[in-house]
Amino acid sequence: MSSDNRKYKWVGTRQIRPDGHDKVTGRAKFGSDFSLSGMIHGRVLRSPHAHAIIKSIDTSKAEALPGVKAVITSKDFQEQPAELKAAGEGMINYRDMTRNVMAREKALYDGHAVAAVAASTVEVAEAALELISVDYEVLPHVIDVDEAMKEGAPILHEEMVPSGMEVNGPTNIAKFVEFNLGDTKKGFEEAEVVIERSYKTEAVHQGYIEPHAVVASVAEDGQAQIWCCTQGQFQVRAFVAQLLGMPASSIRVTPSEIGGGFGGKTVVYLEPLATLLSKKAGKPVKMIMTREEVFRASGPTSGGSMTYKIGATKAGKITAVEATIKLLAGAFAGAPAGPACMCAVAPYDIKNVYVNGYDVVVNRPKVAAYRAPGAPISAFGAESIIDELAKELGIDPLELRKLNAAKKGTQAAYGPTFREIGYEETVDIAMKHDHYSAPLGPNQGRGVASGFWFNIGGESSATVNINEDGTAVVISGNPDIGGSRASLALMAAEELGIDYDKVRPIIGDTASIGYNFLTGGSRVTFATGLAVVEAAKDAVRQLCERAAKIWEVDAEGVIWENGHAKPASTNVGDFEPLSLANLAAQAPKTGGPICGHNAQNVQGAGPGFATHICDVEVDPETGSVSILRYTAIQDVGRAIHPSYVEGQIQGGAAQGIGWALNEEYIYNSKGQLDNPGFLDYRIPVASDLPMIDAVMVEVPNDRHPYGVRGVGEVPIVPPMAAVANAIENATGVRMSALPMSPPRLLAALDQADIKEAAE
Amino acid sequence: MVRVLLTDSISKSYTGGVSEFEIFVSNVRQLIRQLDEKYPGLGSEINNGALSISIDGDIYQDAFIEDLQPDSEITFLPKIGGG
Amino acid sequence: MAKHHISMTLNGEPTEFLCSTRQTLLDVLRDELNLTGSKEGCASGDCGACSVMVDDRLVCACLVLGAECDGKTVESIEGMADGENLHPLQQKFLEEAALQCGICTPGVLVAAKALLERNNNPTETEVRYWLAGNLCRCTGYDKIVRAVMSTAADMRENAK
Amino acid sequence: MESIEFQKPETVDEAVKLLQGADGNAKILAGGTDLLVQLRAHMIDPSVIVDIKSIDETRELNKNADGSYTIGAAVAGAEAHERGDITADWPGVIEAWDLIGSTQIQGRASLGGNLCNASPAGDSVPAMVAAGMTANIAGPDGRRTLPVEEVTAGPGKTNLKKGEFIVSFNLPAKPSNGGDAYLRLIPRTEMDIAVVGCGVALTLDDSGTVTSAKVSLGAVAATVLVVEDAAKAIIGSKLEPEAMSALDAACQAACKPIDDKRGTVEYRTKVAGVLARRAVSIAAERAGKN
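Protein chains in written order, with my numbering: chain X, 40 to 798; chain F, 150 to 232; chain G, 219 to 378; chain B, 28 to 317.
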C-alpha cells in the first residue's frame, strides 16, 4: 500500500525511549517500589504438599498474634460459577481462578496458597503464618503429562468433564482438540518417505526478574485502589471485581512499571488477596512474592509430550503430517493445546494435516501465557522432524523449508488462508546469510528452524491531548514491557507532524482511559498503535476544523501537512499555514481543548514468521553445549522503533536457548519443586550467549497504517529445534527431549557410542 | 454464499461431522443466528467469545458486526492470546 | 535487641539509619532510606538486580547486612548520574536501547561502571563474564554488552 | 522469629568468647554469601551473628619469608585475584576461589566461609586440598591447625568444636616445578554450583616426569575427596595415555555421588574422570613452564 512509499520522519528511527531516563537512574517505580502511608504487609501460607485435601484450617493463633491485622482463607472468597468467560487470555473459568488464588477443597500443587496474613511488618506476618495450622490429608500426586493421562493416575478434579471427547469416569484430560486439513491417509499414500518420532519438552518459567508485587487500599466506602505490576490493569480490575464481588467502578488499578512479564503477568495471584486483606484490615496492604514463591506458585508454560508423523516425496514435497500434542496445564485446565496444534506446521503449505491436542491437569502451578503460548512446544517437534526428513532425503534443511513454504493464498492447517506473509523471505535471507555458509570446526554443528505466531489485535483505546504550547500527551492503556511507549510516540509524532520529544506518552490507570485488552500476543504496537494513530488523526481533524474557523472556510478545504494546517488548494484561499502550536494557542477561542480519541476492537493482526540459524559446539566428554553464533531472521511488518524490535527478537531467542539447554522444573518424589530459585532454575547468563544477530525483514501488514506486525512472540518459537538440530549436526545424536542439559546430552552421546560399538 | 470451514473439534461437537458448507448471510450477526438454527450451540459458542472468526484470512477475536462478502471464506478457531 | 545505629557514606552523603540485624543493605536502602533504585529479584545473590558498591567493591546489597555497613562507603544507582548529567553508561544504554523492561538496568549499570573503572578496554568475553551475575530476561544481553563496550571505547577516546 | 544480636569483635579472643558464650547458636559472618541466604530462607535462626572481619588476622593476605602464604579466613576471592604473587604461584587455588558465584559474590566470598559452609560442592575446597592448605583454628583451648580436608565432616557439618573458628589458612610455598589447577563442570558458564569439581597440584622433574601429585574431587561424595589412587596413577609417569586412563579410572572409582537436581550419579562419576585428566594436563603445563 501507499504507506510503504512514504518517507517517514519518525517512524523507523531509533529515538531514546520516553521512560528511559527514569529507568537508568533508578527513579522508575516498579511493582514493589510503591508504598502508602499506614501500609501493612501481607504474606501467603503455601501448601507444602503437591496434592492434599484441606480438612481444616485453624487461624486463631495467628489472629491473636500482636500486630496481625487480618487473616484470610478460601472461606473469605465467594464461590464462583463454573462457566467459561471471555475475560483475559483465553477463556476464564472463575471457579478455577478463585481456587487458584486460594486453595479451597484441596491443595493442588506445592506452593498453592492456603491462607494469607496482613500484619504490621513482614516479620510479624511471617511469624503469623507459622501459627496457622492446616490439617491436610495428603493424596497421591502426578507431575508428568503422560503419567497423568494413564488409567489409575491420581485425579485432581473428580468432577471435571473433558470437552471435545467422551471418557468413562474421572480424568485429568480437560480438553481435546482436533484440526484437520485434507486427507492424511491419502497424503501418506503419496509419500515416498515417512518418519515417525516422539518428542518431549519441559515446563519452563517466564523468568521475569521482577517478582509479583501489589499494594491494595480499600477505603471504608468500598472504593479500592490497586497498584501492581501487571500486563493488563483492566484484567486485574475484572478479575478482582469478579472474585470479590465488587463493581468494576469501585476498583481503580494503576499499573506500575513492569519488570518483565512475557505472558506471566496476565493473570492475578496477589491482587485479590491484598485487596481482601486491605478490606478486612482497613489499611493499605503491600504484598511481594519471594523468588521462591514466583517459581512455586506462578507461571509457567506447559510441558509437552508429542508424536509426529511426516510424509514426503523424494523431491522434498511434504505430503502429510499427523501429530498428537499433549500439554500439561498445571492444576487447572488451560494449557494452550489449541494454539500449539494450530502453530505446529503453520509455516508450511501442506495439503494434508491432522493435529490433535490434549489439555491435561497435573499437580503443578497453573500455567500462564509465555511468549507464543503453545507454539514453541509443537514447533520443537515439527522443526525437529523436518530436520530429520531433510537428512533422510539428502536435501538442505532450508531448501526443504523453502520447497514447502506457506505463501499468500496458502490455506493454513487450522483453517484460514494466509494474506500477505513473509515466511519465504525469511528462508531466502537465511540461505543467503553468510552465517549459513561459514565454516565449522570439530565438534561444531549448525541447525536451522522456523516458527509462526498469529499475533492478535483486540480492544484498544487511546487519547491524544494537544497541549496549549503545541506539545501533545498520548494516553494509552497498556503496560509497557519492552519500549512500546516509544513506538506509540513515534507514530503519534508522525501523524501530528511534530517532533518526537514534543509527544509524551503515558499509560493510564483503569479510570483514566478506555478499556484496553492486556499487553500480550504482541498486540500493543499493532493494535494500541492503531488506536493512537486514529486518535492522532482525530486530533488533526479537530486542528483542521479550527484552522477552517479561523480562515472562515469549510473544514474540507483544510489539509494537514508537516504539522501545519494548510488550504487544500488555492481555490480555498491564500492563507499562511497554521502550525499545531499556533492552533493550540488559539484553541480557547476556537472551541476549547483539542483532544483526539479513538477506541476500537482492532482486527487484522498480521501473522509473524521467523527462521533462525544456530551454531553450537559440543564437548563430547561432558555434554556441555556452547552457542557459538546465532542469527534470527523475522518478518516484522514494519519496525517502528528498530532497536526495540531487535530487542524483542534477541530476547526471545535467548529465552528459547535457555529452554533448549538448561531450564526445567525439578520435582522431588513428594511432588515438591526442588529448584525454586535462579541458582538451579538456570536461565541464560551473559556469558552463555553470543551476540544475537537480528535480521528484520519488512513485509508490511496491510491492515495497519504503518504496516506493523507483532514481533514479540515468534522469536521464541524456533530456538529449541534450531539448537537440537545443531547438536545433531555436531554429534549425529538426535535429542528428542528438552532440556538438552549436559547430563542428558552426555547420556545420549554415550548411548549412541554403545549402539555404534554394538553394530 | 459464504463458505464456512470447520475444524474437526467443532464439526464433531456441533455439526455431526460436517466440516464445510455454504450459507447465505451478509454479516456475522446473521451468520451466528443461522448457525444456531442449523447447528444448535455453535452460534452461541461464537457469541460468548470462546471462538474467534477468521474472515478471508483476517482473524477477528470478537466478531459480530462485521459485514461478509458473497464470496467470503469463514473459519472458526480457538481464541488466541499471547505472552 | 535494640536496633543498630549505623553511619555510612551513601552516594557521597553522610547517612545514618537504624536497622535490625536481619535487615540487609538492600532492605535498608529500599525500606529505611526510600531508595528503590536497587531492585530485589531473588534475595539470594543470584540475579544482581541489587548490585551496589561497598567500599569500591561490587556486591549484591541483598548479601550484605545493614549492620555491617558502619563506616562504609556505599554507592547505589541513585548516585550514578552527576546532577543533571547522566553517566556515560547511562546515556549509552538509552541511545543503544540496552534495556527493555528496565528492572535489571540499575544493577547492570552499577556492575558495568565497576568494570570500566578497572578495565576500560574489556573484551566481549570479559564483559559477559563480569556481568554474568546480572540476570536480564528481556534483551538476550546483546545490546547491553554492546553498550558497555561502546562506552569503554568512548572513554578510551576521551582519555587520549 | 527472635531478633538477632550482631557483634563485631576486634580480637580473636573476643570472637571465641562470643562464640562460646552463645547458646550454641552463634553464626560467623565473613563474606555472608551463604549465611545471608540461609538466614533469609529461615534455614538458620541464630541468636548472635559474629562478624569476624574486624579482626585483622582474618583480613590479612601475606606472603611469608619461606614463600608460603597466610590467608585470612575472611579475605574475598576478588581481593586475592588482584594480587599478582599468589595468582602466579597458585593459579588453581585462586581460580577455584574466584569462581565462586558472580563478580558480586567474588567480592565477598571467603575461603573460610566456603569451607565451613561444608557444601560438598564448594568450589574452593578441592583446590585448597590439592595445594595442601591447612586451616588455623582458634578456640577456647587455644590454637590448632588442621589440613583443609579434615575440617569438614559431612554436608553442612564441620569438625570445629563449640567456640572454634577458622582465623586463617596456610598455603604452602609453591614447590619448584610445581603447578596446580582447578576445573569444575557447571551447566551454564557461570552462576552455578559445581556438579563436579577437581583440584590438582603436582610437581615434575626436569624430564617431565610427575614426582608428586595430589588430586581432589568435589561434589562427588559427602565431603571433598582426596583420591590417592589417582595421584599414584600419574606419579612416575610422563602423563602418557595409559597413566591418564588410570587417573580417570581411579577418580571414577573413588566417586560416591548422589543423584540430585544438579547431576546424576553416572554423570558425576564420568565427568570426574574427564575433569581430572584435563586438570592434570593444565597443572602439568603450568609446572613445566617454571
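A portion of the hints provided could be inaccurate.
[Said to hold, decoys possible] Examples of chain X residues lying across from chain G (beta carbon under 8 Å, computed): (1) G298; (2) L432; (3) I468; (4) M470; (5) V512; (6) A693; (7) N714; (8) G716.
Derived from the structure by calculation, the hints contain no laboratory data.
Small disclaimer: the values here were computed from a predicted structure and weren't measured.
Note that CB positions come from ideal geometry on N, CA and C, so glycine has one too.
Structure-based check of each hint:
1. A cut of 8 Å between beta carbons decides the hint on G298 (chain X): the least distance to chain G is about 3 Å, and the hint holds.
2. Checking L432 (chain X) against chain G by beta carbon gives a least distance of about 33 Å; that is not within 8 Å, so the hint is violated.
3. Interface restraint check for I468 (chain X): the shortest CB-CB distance to chain G comes to about 19 Å, outside 8 Å, so the restraint is violated.
4. At its closest, the beta carbon of M470 (chain X) sits 23 Å from a beta carbon of chain G; the interface hint therefore is violated under the 8 Å criterion.
5. Below 8 Å, beta-carbon pairs count as interface contacts, and V512 (chain X) has none with chain G, the closest being about 21 Å; its hint is therefore violated.
6. Taken as an interface hint, A693 (chain X) checks out: its beta carbon lies about 3 Å from the nearest beta carbon of chain G, inside 8 Å.
7. Interface hint at N714 (chain X): violated, since its Cβ lies 11 Å from the closest Cβ of chain G, which is beyond the 8 Å cut-off.
8. Look at G716 (chain X): its Cβ gets to within about 6 Å of chain G, closer than 8 Å, so that hint holds up.
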